[in-house]
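**Student:** Listed below are the residues making up each chain.
4 protein chains.
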Amino acid sequence: MIHNIRSRAEALEAQLISDRRDIHKYAESGWLEFRTASRVARRLSDLGYAVAAGREVLKEKARIGLPSPKMLAACWERALAQGGDPTWMEAMRGGFTGVVGTLKCGAGPVLGMRFDIDALDLTESLDASHRPAREGFASVNEGVMHACGHDGHVAVGLGVAQILAALKPRLRGEVRLIFQPAEEGVRGARAMVEAGVVEGVDYLVGHHLYNERPLDEIVSGLDNYPATTKFDAYLTGEAAHAGANPQAGRNALLAAATAAVNLHALPRHRCGETRINVGRLEAGSGRNVIPANARLVIETRGTNTELDAEMYAAAVRVLEASAAMYNCTLEIVAMGAAQSASSSDELARQVKRVAQALGGIHPVEHGESGDCEDFTYMMRRVQAQGGQATNIAVGAHGVGGPQHSTMFDFDEGALKTATMLLSAVAADVMYEA
Amino acid sequence: MIHNIRSRAEALEAQLISDRRDIHKYAESGWLEFRTASRVARRLSDLGYAVAAGREVLKEKARIGLPSPKMLAACWERALAQGGDPTWMEAMRGGFTGVVGTLKCGAGPVLGMRFDIDALDLTESLDASHRPAREGFASVNEGVMHACGHDGHVAVGLGVAQILAALKPRLRGEVRLIFQPAEEGVRGARAMVEAGVVEGVDYLVGHHLYNERPLDEIVSGLDNYPATTKFDAYLTGEAAHAGANPQAGRNALLAAATAAVNLHALPRHRCGETRINVGRLEAGSGRNVIPANARLVIETRGTNTELDAEMYAAAVRVLEASAAMYNCTLEIVAMGAAQSASSSDELARQVKRVAQALGGIHPVEHGESGDCEDFTYMMRRVQAQGGQATNIAVGAHGVGGPQHSTMFDFDEGALKTATMLLSAVAADVMYEA
Amino acid sequence: MIHNIRSRAEALEAQLISDRRDIHKYAESGWLEFRTASRVARRLSDLGYAVAAGREVLKEKARIGLPSPKMLAACWERALAQGGDPTWMEAMRGGFTGVVGTLKCGAGPVLGMRFDIDALDLTESLDASHRPAREGFASVNEGVMHACGHDGHVAVGLGVAQILAALKPRLRGEVRLIFQPAEEGVRGARAMVEAGVVEGVDYLVGHHLYNERPLDEIVSGLDNYPATTKFDAYLTGEAAHAGANPQAGRNALLAAATAAVNLHALPRHRCGETRINVGRLEAGSGRNVIPANARLVIETRGTNTELDAEMYAAAVRVLEASAAMYNCTLEIVAMGAAQSASSSDELARQVKRVAQALGGIHPVEHGESGDCEDFTYMMRRVQAQGGQATNIAVGAHGVGGPQHSTMFDFDEGALKTATMLLSAVAADVMYEA
Amino acid sequence: MIHNIRSRAEALEAQLISDRRDIHKYAESGWLEFRTASRVARRLSDLGYAVAAGREVLKEKARIGLPSPKMLAACWERALAQGGDPTWMEAMRGGFTGVVGTLKCGAGPVLGMRFDIDALDLTESLDASHRPAREGFASVNEGVMHACGHDGHVAVGLGVAQILAALKPRLRGEVRLIFQPAEEGVRGARAMVEAGVVEGVDYLVGHHLYNERPLDEIVSGLDNYPATTKFDAYLTGEAAHAGANPQAGRNALLAAATAAVNLHALPRHRCGETRINVGRLEAGSGRNVIPANARLVIETRGTNTELDAEMYAAAVRVLEASAAMYNCTLEIVAMGAAQSASSSDELARQVKRVAQALGGIHPVEHGESGDCEDFTYMMRRVQAQGGQATNIAVGAHGVGGPQHSTMFDFDEGALKTATMLLSAVAADVMYEA
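Chains as they are written, first to last, in the working numbering: chain A, 1 to 433; chain B, 434 to 866; chain C, 867 to 1299; chain D, 1300 to 1732.
Don't read these hints as lab results, they were simulated from the structure.
Glycine is no exception: its CB is placed at the ideal position from the N, C-alpha and C atoms.
Errors might be hidden in some of the hints.
[Claimed, not checked] Rough simulated footprint, nothing fancy, chain B against chain C, three-plus residues with beta-carbon under 8 Å:
1) 1139-1148
2) 1197-1209
[To be verified] Which residues of chain B face chain D? A partial, calculated answer using Cβ under 8 Å:
3) A677
4) P679
5) L687
6) T691
7) N695
8) A698
9) P700
10) H702
11) R703
12) R750
13) V751
14) S755
15) M758
16) R813
17) Q816
18) G819
Go ahead and model the full structure; you've got the sequences and the hints to work with.
**Tutor:** Below is the structure:
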């Protein structure tokens, strides 16, 4: 079956590239992927998958870091104008842009595969040296750009869907293709987990294109994802004329400044690395007005979820005290979260074996994650329920600027490799199990 | 001659109102008064005044709080399109929007009269209860509004110019009508003083419409103007990834936060009231980036110029140390300044006598200034060279919202009173002296 | 009667000086004046006064700023050894060192006179140029010194007691001679007020020797005493090894440091002068231990009691928030308090008239208080119940160092003047009223 | 020869215990070990060693954390009274309490062995459950106690000296026995290194008794000593009356408070663990005085010398800026320092082999250091000049309280083990090399 999968993936290569370029051109950022998600839903449905979307796959209260209602409405309209599927878009109004396609193949193991679909808030370079610009698929949506490779992930997900649909008669068990919104800012995974999308999953596989690795290299299990909590703190005091009536104000700027310094003074921890950063502080209005408002944009990190949670709790304590000190009120808004996690050894080894069997791929068994990723919510849930989970790095030999830069691009040859590998892993799991 | 002046002012009333409404409709904020100033210059010239404008009356280096070059250029074009005088506007390019009209009447005292001409950055209410909106002279320039009465001051200045031109044969000495830009933010007066516009002035008279006072009341000398210094502080550090490389950053946000709290901790002073306010703080960019930039919007105040200067010097010390603490660089940009001053007793009494002689006006001899005013630069210079100076409040019985609000309006009857009073004071000074 | 009083005071001069020197030699600081107070009680009793002392004249819970129980016990023993009166000392155990002597002379007004009796924690100079050292009456109690003139106040109180006892047949009404402990640190007056010692008082007179004024000058009414609150804040966190276990500590030092800066950042007030000072901060133990303890020594001030109360309330808020920020507990211990007050005009004028009648004295009717004084608690209580109160400055032409310095001394001629003036005021009030 | 050494060590056991108890009873803390060092010098001299002491073995300027001159003088006198050797004490006046004994045995390798000799500032428990108290050898010097085992190190050093002197005919090369003062607070080693005591050393061996390890266990090489810098910062401003003249002060307390919070806010480092602690802060004097003085007691740490040096440099920057912010001067006084270091693999293996050959000892090859140690200065210097160095842990099965506690004690059986092991290592090095 392995040989079969290689040729199927090769046959799909033009479609993978075309899909990726379509998604790239109509880039949509987190919770606003109305066009992307609705077209994915239609394609999965056309391929014979049972498709769930919208509130079925995203728990409303667990979503974090949403854009304004105005932005949600405007981008929904834009998506419609840019070719979103009107039927599927209905369920997605208000930012419910997740999709899960299920293929049931009788008794057997449940395999989940996750593909993240959102772009970044970044204006793409139009320089001639930047291929998307040169070849006409640069983002038409100003200020939004796929600069992290999720456009490729979507294309791979659709390719895997097509191959597995074709192989259905030879598979046992169930495959769930999970298309997740809002990975940037680590905002979307938790709401899918809480809606139950990985309930009963025995094997969970994710992947990410890695520009720093050569085209033919994969890492079958990424480890040591750090945990992080991202949140904004709003302080509200009371304005007053700074010259005539200074004692009448309640100074939100000084509350924020006191918080900022003392947040950075939170102690180091004996059990591992921790981090805190106030990345942004905006406070006040006029020069001669006691500032009535302030916002702090904050994140904590830890080498594990417990350390991050301790940092977050301590940060909240500092913020509450700073607010109290200046008689201000405090509101904290969750903006993102990821947990610590590592890939399951056994599944990583299985992926490595499959890669070796496919040939032409140099598999590395384990690697360091580098940075936070909210797929960790899904990994930990599956591992907690007795299953196995892994996140795979697929070398994509960067051809443009670094990740999250306006010149980011990758070698589209990686799309075939990823599609082939993931399909083969699925076949391996669902055939042998 | 007094009676004569009353009837002349009454005859001008329609023109005063029409001028005020024209200026109101084409409101221009500080250093951008190209239309206003150029039309004033033309009118003065037409009336026979020797007119100086632009760099002749504004020392370039002494101007503070200027808009961006882009804004200066755009508003120059707008002024041209809205009826600015192209000839006079030439000299005003780049924000040289001051005008001085001189009428020489032979040997005798030199009298200066100052009129401030700028509007505020505020979007005018279009509510039907707001007369300018109802009667069609609300500002057509979005985000700019005469909400402090300077539109009236311009009209009064032109009225006084007309009356004095007519009386010229009966006057001795010299009158200088000084039209000053950028009083809001206390930015413009110093540059006129340093260009020499009050050199040799024996008597200096200013006025301001006061909505809190009834229509027929004037204060012949306002006192105890507090001193103030307005400035922005820019801190520049270095960005770094807050998770991966925190030690590599130079944190401008923490430098700014440390500065803010310690600026407010500057000690009180045995010799009088002082104030300091950080009205605004903006720092940082991304949540996971060590902030590389910060801006603080600051003002100091003191019951006299020396106290304000001590506060400013101490504030600079705190800012420099905060920058050094976080290895940041610091740039301080002057944004405004006013000095402490009080009206000269003798001149205030003379104004009061003139008001009594005119009849129908209830003069109060002295009153508290309330807030800062950069006319103080001119007052102190004239007093320092042995002359007398006064600033007069003219009751204008506010009919809309308070000063600096989007519903601000005043009783236009005050225009006639002010024109009459200032003309009569001029006649009194130049006849008797 | 006036002439009579002058000669009586002159006859007492040697005793006044001898009494002052005895008190000076056995200086006792606040709440520890066992010898001083007990000998005063015996003298008043011998002169025929009804004497109350101890808990009768000091409300236990209202006493503030007490020394440790160990110190109280040790100084009680020292006082006994140095000639304290054992009978009266019994009631004073534990720091109840106030005395009130009452002389009832039939129906008539009630006059209170207050004398403060405590020394300072200061080691007296033994330099030969310092008269107390040279002439053998320097303090024998190391670390305690009368450097504010209260030794003189005690002597004057005893002199007045003797003169009024002699004049009793010619007086009407009631005189209460109030000897108050612990004026330094403004700690004692409130506890006497709350014990009722000025209940029913119609006229209240205090005095203070002023070295900055010439010997023959008095101020009949001191005004504008500022209000103050003096308190210590104790923060308690938890120690931990700073290298091995930094996150386990709760850092009281950082809580205190945050409090200190933010206390000084409390805003100025439109209604008058305010002050705050953290005069002392002690925190921590070993270099490598997260500090578990901190103490801040603080005072607030205001030009009136309300402003001081606002500052104190704001300071408590800052301290509570700082403690909460670092998970510490906070205890605030009251250490002293004085209210704002001014002398009653009518009584000040009466004192001036009496001074003029006595001759040889240059009376000034009103003067600025300069600094805080807890006699204000008594003044305000008497004024609130419809009576009159004044505090008198008596010129004492300083002959040594300034107040509160180790070389402080005054011209003992002032003792006679003060005794004469206060006796004459009493006679005037109780004869005429 | 090994068997020979075991029996020699066993024969010395009573002397080892007696020496340890003598040193324990007359405990002396860092730079004050006049009795201890002078008696060591005499013993080494008596055994035939060439002895250097005082300034010969301690570079004056490199000593840090010295007691006051008064304390140095007083403890010198105490040492004389308690049996110090008057001849050797002469060279040690002023805190030059190091001793080096050299035994030259012809051509061959140079072996250094280091023994630290100081006690702690701690008052020893007199509880009957504490053996030193029960058996009469508790410290007679109040406030000073051997609570870290250095008393044992001295005894072991003298035992090794005796055994090697006896073996001299069979040895080649040179042995230097280095008795180092002031290890507590990591103050003494650097001054010995800078005086040249490890110049030319090929093999350097240290040891420390470890109560947490069983009696018969040794670790032949301790690794990963963290680096640390210990220092005090003195801020000097200017006092002023906080009520009357607040602007006249230069507030050292606020400078110190600002420094404290911002020191703790120094960022974490990507390359390893760092620490900073302000362990103590003392500032100010009177409640109503702007504080003119402050002291901060600080330490930095890092997993290597470079990280610690970065933290120290950043801390100095924060302190300098805090001083500048409040117009204060800053003085930084070095109080201690240790470097990062690890034992040399080859030498650690050699020690392990010797231990195995001796029998009855369970050797562990490598172990974690746990905490800072200034022997690292010597280790790094020897390693830098091409030699090998190791620090050995000798299990001493704690019988009382933990290290640095008032109940600390150890099993004296460890003295024999340590003496035997070190002597055998010396024999091995000097025989085989």
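**Student:** Hints broken by the structure, by number, lowest first?
**Tutor:** 2, 16, 17 and 18
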